Each structure stands twice: as C-alpha cells, then as structure tokens.
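Asker: Can you build the whole structure from these sequences, using the hints too?
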Amino acid sequence: MIRLERIHLLSRADKLQPLRNFVRELASQQGCCDENLDCMVMAINEACMNVMQHAYGGREDGEIIVEFWKDEGELLVRIFDFAEKVDLQAIKSRNLDEVRPGGLGVHIIHQVMDSVEYKNHPETVGNVLEMRKQLSMPIKCNADASDKNKAKKSL
Amino acid sequence: MKYPVTQHHNYAVLQLTGEIDLSESPHARKQILNHIKNRNNLLVDLSLVEYIDSSGVASLVEGFQTARAEQLEFALVGVSTSAMQVLQLARLDSVFTIYDSLEDIKE
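Protein chains in written order, with the numbering used here: chain A, 7 to 161; chain B, 1012 to 1118.
Since the hints were made in silico from the structure, they are not lab data.
The structure displayed is predicted, hence computed values, not measured ones.
Hints may contain errors.
As the list claims (entries may be wrong) - Which chain A residues stay away from chain B? Per the calculated CB distances, all over 12 Å, these:
1) 10
2) 13
3) 14
4) 37
5) 67
6) 75
7) 93
8) 97
9) 124
10) 128
11) 130
12) 134
13) 136
What the hints assert, rightly or not - Covered, in the sense of this in silico footprint (three residues per stretch, anywhere, with C-beta under 8 Å from a C-beta of chain B), are these stretches of chain A:
14) 18 to 24
15) 51 to 65
16) 98 to 106
17) 111 to 118
All residues carry an ideal CB built from backbone N, CA and C; glycine is no exception.
Answerer: Structure follows, in structure tokens:
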C-alpha cells in the first residue's frame, strides 16, 4: 500500500471547494474513471462536511487530516479529526421515506463508496473514517497511474 | 454568488449557479425561502449547477416543504447531470416536480 498524499485543512466550509479540486486531480492522476471520481469527490466532501458540522459542531479552528492511499486497484481515504469521539451507533443513514432537510450525507457516502468504516481507537483522540473505492470500476480507464509525491500539504 | 430571478407564467424562476456546497447553501436557502415568504410560486433552475452537496439539497427540500405548507408551487427545472445524480442518490428525484425546461411549463 502506497501513501499518495496527506493534506491538512481547517474545519471551515470554504476549505471544501479546494479539497474537492484536489481530490479530482489526485484521483484523475491515479487513473480513476469519471464516474468513480465523482463518487469519491462526493463522499469525501460529505465526510468532511460531517466532521465540520457534527464532530466540531461548527467550530472553524478544528483540524482535519485527509490521507490518500493506493492499495492495488483501490483508493483508500482516511479522514482524521481531533474532536470528541462521536457515538458510532448514532451515525446511520436516515429513512429516505421521510422527506426532510438534512441527514443525507451518511446515506450518500455509503451509496457511492465500496466500503465505509470508522476506525476509532479508544486510546487516541478524535475519529478516523476509512473509505475505499475501486479506481476503475465499472469501466476500465486507460489513464496512467503514477505514484506522486508524499509531501505534507495544506488547503 | 448572484441569484438572478426571472418570471415565467405565474412562477418566479430562481437561477442557482456553480457549486452549491456548505459555504454557499445558506445563501441559496435564504433566497429560496425569501421568494416563498413573498408568496411566489417558485421554480429553481439547476441547469448551471456544477456541484451540489447534501447541504444544498437540504435547502431545496426545505423550500419544497415550506412552499407546500404555504400552498405554493415549488419545482425544479433543467436539473444538471451532477445535481440529478445527487437527487437520485437521495431518492428525491421522485419527490420534487422536475421539468426539463421552461417550455414544458404551461400557464
């Protein structure tokens, strides 16, 4: 497994657009097809938005770290925050038969990613969300997959 | 971001553009709810929306519900491919009234 990038961002809404642009570029460089690229952008945006709104409760000075790993044909994304541990039992998709604003993020993440799992450790601070997505399903893409620099980046 | 408004038959047509995410959705929500407060039947034009996240979708749902409570009409028009993808994931494509274009809307 190869670490591609590790980026840091503050828990501010204006950081989401540069994050999405970054994800698009990185996934594209890794040979991700358009359909899965859209899925990854959507899931990572929703996951970071959940951290901002729920884990940090709207605080704008919280730190979020997003790591991107390549694991054979998959992109693995880990999102770390340093907020209080969330109640994992409370994080679930809501009933979509109820038409109401809010609560769609978790559903969208589970719909578009191949796997979604919290990796919280009782002895460490914060929360860790791990998501995986095949780079080139359902259609084979021909882009060249190159392992890029691993420098720490901030958005 | 600007929110241009035009009139089509008995609807106000509110154009959303670009990326409707957590930083933009509060502004979009305010625009939508203001039109409903002013007793306008509302069409939200999503043809120029390049990206919409769940916070943007929540603004549309709130507009839809508020309009319905006020016995006003609320519909979406020209939904872009990326916006439709999110509406379908949220299974809201069957909840909203959606028109392909303004020409489809009769007086």
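Asker: For residue 14(A), is the shortest CB-to-CB distance to chain B above 12 Å, so the non-interface label stands?
Answerer: The claim holds: residue 14(A) sits with its nearest Cβ about 18 Å from chain B, beyond 12 Å.
Asker: With 12 Å as the threshold, tell me whether residue 136(A) passes as away from chain B on beta-carbon distances.
Answerer: Fine: 20 Å to the nearest Cβ keeps residue 136(A) off the interface.
Asker: With d taken as the least Cβ-Cβ distance between residue 93(A) and chain B, does d exceed 12 Å?
Answerer: holds, 20 Å
Asker: For residue 37(A), is the shortest beta carbon distance to chain B beyond 12 Å?
Answerer: The claim holds: residue 37(A) sits with its nearest Cβ about 21 Å from chain B, beyond 12 Å.
Asker: When I compare C-beta atoms, does the stretch 51 to 65 of chain A have three or more residues closer than 8 Å to chain B?
Answerer: Since three or more residues must qualify, the claim that chain B covers the stretch 51 to 65 of chain A holds, with 5 doing so at under 8 Å.
Asker: Tell me whether the statement that chain B covers the stretch 18 to 24 of chain A is true, taking a Cβ distance below 8 Å and needing three residues at minimum.
Answerer: With 4 residues close enough to chain B, the hint holds.
Asker: Would you check whether the claim that residue 67(A) is not at the interface survives, using Cβ distances to chain B and the 12 Å cut-off?
Answerer: holds, 16 Å
Asker: Quick check for students: does the CB of residue 97(A) sit more than 12 Å from each CB in chain B?
Answerer: holds, 14 Å
Asker: Does residue 128(A) clear chain B by more than 12 Å, comparing its Cβ with all Cβ atoms of that chain?
Answerer: At roughly 30 Å from the nearest Cβ of chain B, residue 128(A) sits farther out than 12 Å, so the non-interface label holds.
Asker: Would the non-interface assignment of residue 13(A) survive a Cβ cutoff of 12 Å against chain B?
Answerer: Label holds. Min Cβ-Cβ 17 Å, cutoff 12 Å.
Asker: Beyond 12 Å from every chain B Cβ: check whether that's true for residue 130(A).
Answerer: The assertion about residue 130(A) holds, with a minimum of 27 Å to chain B.
Asker: Quick one: work out the minimum CB distance from residue 134(A) to chain B and report holds if it exceeds 12 Å, violated otherwise.
Answerer: holds, 21 Å
Of the numbered hints given earlier, the model fails none.
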